[in-house]
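Enquirer: Taken in order, these protein sequences are the chains called A and B.
Quick note: the first sequence uses our numbering, first residue 1, plus one each step.
Quick note: the second sequence uses our numbering, first residue 1, plus one each step.
Worth flagging that the hints you see were computed from the coordinates, not collected in a lab.
Beta carbons: idealized from backbone N, C-alpha and C, even for Gly.
Cβ-Cβ distance ranges computed for the label pairs, FRET-style:
1. A:226 - B:520: 55 to 65 Å
2. A:131 - B:391: 51 to 61 Å
3. B:282 - A:283: 55 to 65 Å
4. A:134 - B:355: 52 to 62 Å
5. A:277 - B:428: 19 to 29 Å
Short derived list, chain A residues pointing at chain B, Cβ under 10 Å:
6. 69
7. 283
8. 303
9. 305
10. 325
11. 347
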Amino acid sequence: MKSMKNKALNFKNTILFKSNQLFFLSTFAIAIMFSSCKKDDPEPEPAVGTTPGTSFDNGIFVTNEGSFGTGTGTISFYSRSSGSVSNDIFEAKNGYPLGNIVQSMEIYNGKAYVIVNNSGKVEVADGTSFASAGAIIGFTYPRYFLGINNTKGYVSEWGVGGVLGAIKIINLTTNTVTGTIPTGKGAEAMLLAGTKVYVTCSGGFDNDSTVNVINTLTNTAEITINVGANPKSIKMDVDGKLWVLCSGQWDPTYTFLMKPGKLVRIDTATNTVDLSLPFASTTSQPSNLVINNSLTSLYYSYDGAVYTHGYNASGLSSSAIINRSFYGFGIDPVNDYFYGSDAVDFSSNGKVIRYNASATVVDSFAVGVIPGNFFFK
Amino acid sequence: MNLFKVNCVFLLTGISFSGYAQENVADTIRQLNVVEVSTSRLILFSNANKSETLDSALLDRYTSSNLADILLNESQIFIKSYGLGSLASSSFRGSGANHTSVLWNGFNLQSPMNGIIDLSLIPANFMNNVAIQYGGAGALWGTGAVGGSIHLSNFSENNKGLTVSTTSSFGSFSDKQQQVNAEFSKKRLISSLKVFNHDAKNDFPFINSAQYGKPQQKQTNAELKEYGFLQENYFTINNYQKINTRLWYQSNDRNIPPSMTQNISVSNQKDEFYRATAEWQRVKEKLTLLIRAAYFDEFLSFTDSLINIENKSRTKVFISEGETRFSISKYDLLNIGVNNTYSEAITKDYVENAHQNRTAVFASYKLHSKNNNWDVVLSARQEFIENKTIPIAPSIGIKGKIFRHFYIKANAAKHYRIPTFNDLYWAQGGNPNLLPENGWSEEASLEHLYNLKKISWELSATAFNRNIDNWIIWLPNNYGIWSPENILTVWSRGLEYKAKINFRKNKFNFQLSGLYNYILSTNEKASTANDASLDKQLIYVPIQNVQGSMTVVYRGTMINYTQIYTGYRYTLSDNSKYLKPYSVANIQVSQTFLICTSKIKVFAQFNNLWNETYQVLAYRAMPLFNYQIGLSMLFNQPNKK
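Assemble the whole structure, with the sequences as input and the hints as a guide.
Expert: Structure, rendered in structure tokens:
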């Protein structure tokens, strides 16, 4: 750039008295300025992790929500066999982004159903190649997908205002919404037990405290179970009992939890709560309930750490198994490895840290922006 | 009588009647104001800073535009626009949107809630002069003057008689604007009123590359309706004393369009404000006294029924400022002042209604050499927030003529930005223990100015350096609750070049200008362990920016062509994703006719001439080719002698 300045100065000194040439020279000077500037354009680093994988079997899918505001979510794939990571596999394969806030994904009958929350859609793709097979539209803040049978799936959603709550019935052959089952506010996680689906009503942008039980044969909500403030996740243990993690409720000024979190157990025979374990903290909400492969040990986040809970334990554990918090986590049913996600500064690529069954760090790998959920294939 | 008619016809047909038509007609249809704001600290105490002035002749080319459009085309500030008619904020030298202080006749307009001002809500027609000062200047302008400051000013000239002007324009995407200015100017009293109305659908077509099959779509939910007025009174009490009052009211009702990755948006934002100011000036050779006060009452309502949000807020800001200016010797000038700013915000989103009382004392001292070729300015500001002292902000600047037509400027200044109400009081997560962001800015410029009868030019090169410590960002804490902390340290440095050449050839007047920036603005402190954003360029800070423009004026005809190139902008803090560079061209054309004491101007503006598909912010659609055409009329009846 220095040379440009000198040229400009020289130019002036030499042509002071040749005003007839001035037009050409001044145009020339500006042209030099422009051309010399363009040359220093930095070659930005290529976007990492757009390596297009070809088939995604035997591995772990990570849904990355994407930057807040105007960003797009992505999906990363970790191969169990090679340990390699493919990032942004959907756009790499299909040439367009998934959309704003990728909430979760599920593979059912060979098809991947990716829930794109803020865009109000479910992108459908081949479960192995990730080639797009169209999108299901007609949702308002969808959260999770659950396959019921070959032709039917359920998608939970928060609805308009995030305060309605419903299960949308999906025809998996035509990829269309065929019906709506109203639920409590903020329909969130779903669990299929026989012909019943248990739905946690997380409150959405408001508050709720129930689990709704839906009969999949009639597509109607039959029973409402009161569990505790704002239930988010639900898992079934080896005894067939259901564990529900309630995140608690803030006071109107958001300074303390007027209803602290709770871990509760539902007996599916009676559809009643037979155990309720309250958390002590009035500032920390428990979250992220997952269960190991043998369905005997639950994992959850609480007070900046990860705790476990044996399915037959009568009280909450007071010692953490991993002393840090994660944005999301999951347990690999193949080897009980724990996958925890770190969103770092929430505006750059996140990472996933792997721990073995005895909670020792194995390794970590880079994924997309704000990794939130896992799907183990 | 016949001769008079003939003259009028001559003018209409473009045959020169007097030199006046060649020089000024095309520049402005407004009355050119030669009155300078002689009382401004900007003129007197910041001549060691790089600055630019957009005068009323230039602003007149942008009659139907807003401040964001003008700065985009005429300055080296990066304008972050969310789309046509949407929020537009500024990034000076790689700083954030809340690092620009926008002062209207000396009063800071930044919102106490978020520290930002939406530049798209400032109609160009309401301002007589826009000055841009680059670089931090905490001593002169207080909080927020970190990246730079924008000074909007109003003034008027006495004894011009009655002047009425109107402008109507319409453009692409159902854009309609009307403006009426009326001014009554006597020997001692001036009273003026400016009114505007603006409606637009902004339903422009675009290719949605974020959707399957890249369909062509029309922008939805982008309607805009704005209107407002600015009423001013100037009264000359005697040879030394003047008072003025201003009242600016505006109502803006805008829908907020979806991003390309969203399906729909039902968001709406309403901004309504009253800004009232009064000023008393006593200007005498030995002692100048200035007392001014302002009251800003602003309402904001954001609704989105899809996510159940209905945010309403109201802020009230009272500013009072007193300044005195005098010389101790023949070679100096001293300015001492005090500012008190009381702000409050009423909103459900805060734990309690927020209020803050701030007092600052500031002083500047300028010493100039005997021959006026060298100036040194020392300034400092000490601010107290609710009786708590924040670190003093000093600055030192020097300007000198090194030899004929060559000048150097250099300065070092401390800058600071106090945490906003959102940072302090947001429920939940607000952090009352935040410290102000602060740091130092340094810059040095070399300028070459040359003026001949038929040619003049201005060349300048500036190098700057700036650190911002305790940069506030929001991150989730251990409990998963989003909360602001004083985390980042940002180091910005860069080079800026400017070249402007004016020359006349026969009856043609040419103006060429080129601007170039090279800016690095990097994060120097990890916010978490293994933070990949360390040493990386901040998001949405283009490293390079180039602008070139050419204006030709021939009698009453003006043509301007401007091309702006914006380089790569990273969208993730670890710089792993970016938006491609883009280059957009605009053309302005106008033809002015004089009909006796009236002027008529027909103008047209063509934007994005070459149909560039681009994104300023990720997945925010921008319009392809679009236009605006309009007609202005000005009538002046001088006072009877």
